[in-house]
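Residue numbers (our numbering), protein chains in the order written: chain A, 1 to 122; chain B, 1 to 518.
The set of hints was computed from the structure by calculation and includes no laboratory data.
Here are the computed distance ranges between Cβ atoms for each label pair:
id	chain 1	residue 1	chain 2	residue 2	range
1	B	A292	A	W96	47 to 53 Å
2	A	T4	B	I71	29 to 35 Å
3	A	W18	B	P27	45 to 51 Å
4	B	H289	A	A14	27 to 33 Å
5	B	P27	A	V26	34 to 40 Å
Among chain B residues calculated to face chain A with C-beta under 10 Å, some are:
id	residue
6	V135
7	V139
8	G146
9	K184
For each residue, glycine too, the CB sits at the ideal point set by N, CA and C.
Residue-level listing of the chains:
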Amino acid sequence: MEATLAILIGVLVAVAVWLMLSRNLVRFLLGFTMLSNAVNLAIFVAGRLTPSAPPLVQEGAEGFASAFANPLPQALVLTAIVIGFGLLAFALVLTWQAQARLGTVRTDEMRVAEPPPAREAK
Amino acid sequence: MNGWYAALAALLPLAAAAATLIAHNRPRLQTALSLGFAAALLVDSALLFAAVWRDGIVVVQASGWAAPFGITLAVDTLGAVMTLIAAITGLACLAYATAEISEEDRRAFFHPLSHVLLAGVCGAFVTGDLFNLYVWFEVLLIASFGLLVIGGSKAQTDGAVLLIASFGLLVIGGSKAQTDGAVKYLALNLVATSLFLLATGLIYGLTGTLNMADLALAVPRIENVGVLNAAAMMLLAAFGMKAAVFPLFFWLPASYHTPLVSVSAVFAGLLTKVGVYALIRVVTLIFTHDPAWTNTLLLWTSGLTMLTGVLGAAAQNEWRRILSFHIVSQIGYMVMGLALGTRLGLVGAVFYLVHHIVVKANLFLIAGVARHLVGSMELKRSGGLYVAAPWLAILFFIPAFSLAGFPPLSGFWAKYIVIKAALDERGFWIAAAALVTGLLTIYSMTKIWGEAFWKPHPDGAVAATEAPRAMVAPITALAACTVVIGLFAQPFLAVAERAAAELTEPARYITAVLGARS
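Chain A on its own, in the form it takes in the complex (with noise of 0.2 Å):
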């Protein structure tokens, strides 16, 4: 399992690098959510894949009888996700603004900020 998983996270960061050298920002925004989402992967096999029993303790016991899923990769999986939601959201809200102010989403047509330094001599 863990190397059919390991596979998939490859793939998924070859796809996420081919499309975020794309210069158009939605094809970098969808690598990024490749990306974000092979990383999780990556946690959560970084926490080994134990299909053992849940990590909770029976009543009246004083440890685990036998041998248990690890909780901690899946609650930093589950921080990831928020966060890359977050960012998610806004990273798109700026594309959408960058296509209503400046009229285009190809990172090499902004020039807004940084002018080309022939159009500043004129």
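Since the structure of chain A is provided, determine the placement of chain B on it from the hints.
Below, chain B alone, put in the same frame as chain A:
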């Protein structure tokens, strides 16, 4: 009690954000609350520093869960100094902002977002856990996105919208240049964030812990050095991007000259320095298994950062763009102090951090006053300030020539220590690079001096000669800090020495967090 000071350093700004949000429809009350909480944070961080100085490293285990299982706050001298200086900068910039921001900017949640930003910065300085460091980075990142796009437009806003979610802000303000700058800032920070998170996941997979003190014990025992190095390089790249080191700095000069002056001053003073702090923390505490390789890499990075930054600045003709490139070059000095790997190098890096935050935030604020007086930040379209506002000329002279490293100002001591540390290690090339960078910094500062202060104004006279007191007071206070650090360097040096001593002996930090166990 000491623990409360540490916890409050992160909690006070969060409470301030909530309080200023509640007072959203009461402008005077909101401003008063904002400044009041910033002052309270300053008092708290001063008490925290006093506690750390008196009793050593302050450690808090949230809810009494022993490390490494619970959430740990751990503040050593470096963390306490950084928190204190962040509080000073935060208060100065918020005071300046009261004169700068318009009603629309205020309605665009300027005050709540500023405090969330401060919470992220202070939280990153006090945390003792790698994943919490990531979360604090995200907190400050989200707030900085929101702040970056405030202002610059005259659009009326609907007061009924009370969403603190920073993306709600975007509908309100933001000039074309701000949108452009924000896109570049956002894109590179998203990449850095993903790298940071991935590295955190890999490190957890290798060690089973994310508590930094516990990691320091677990990392040397790892047999799979390949994966460890990959994770370490990802972390270095992520922090390097936040700190704006070569070759990952392009987002900084692309965006820092676009937002409000008080916002860019906070960014310039604090945000990149959080990256440097994180670099210092992980390199001295966690990734100590192969110092020769890390230090060589960092040393090359620092040299190239210094030179590219200062050369980039030489080509610019706008106040804040010049200053932005100088942030990059100055980051090089701090990384150089870290890369030397000696105690003196770290002393230099810490001293440099303190000096630089004050000076750089102040220079951005002065740029704002200059724009207030002459109406532009383009050097071609300004001039005559020396005649119109000699007081501003003096106030500019102090941080500008401190940045360039003139004795007896604070920058001289900072540069002196770093370069001395390099010469002690026979690092002649890096010392030469540092000296050349210092010379070229003088060139940039004299360019601003000549263009904005000495040259007559192209329109004949400057627009105004008086600036609001709320703008001048924080600048004067920060300039006074610079003079004090320069003239009475010994106590500050003692603090930097103690911080460096703690960093070079990570055993102290580990024992403080995990308790004495063998």
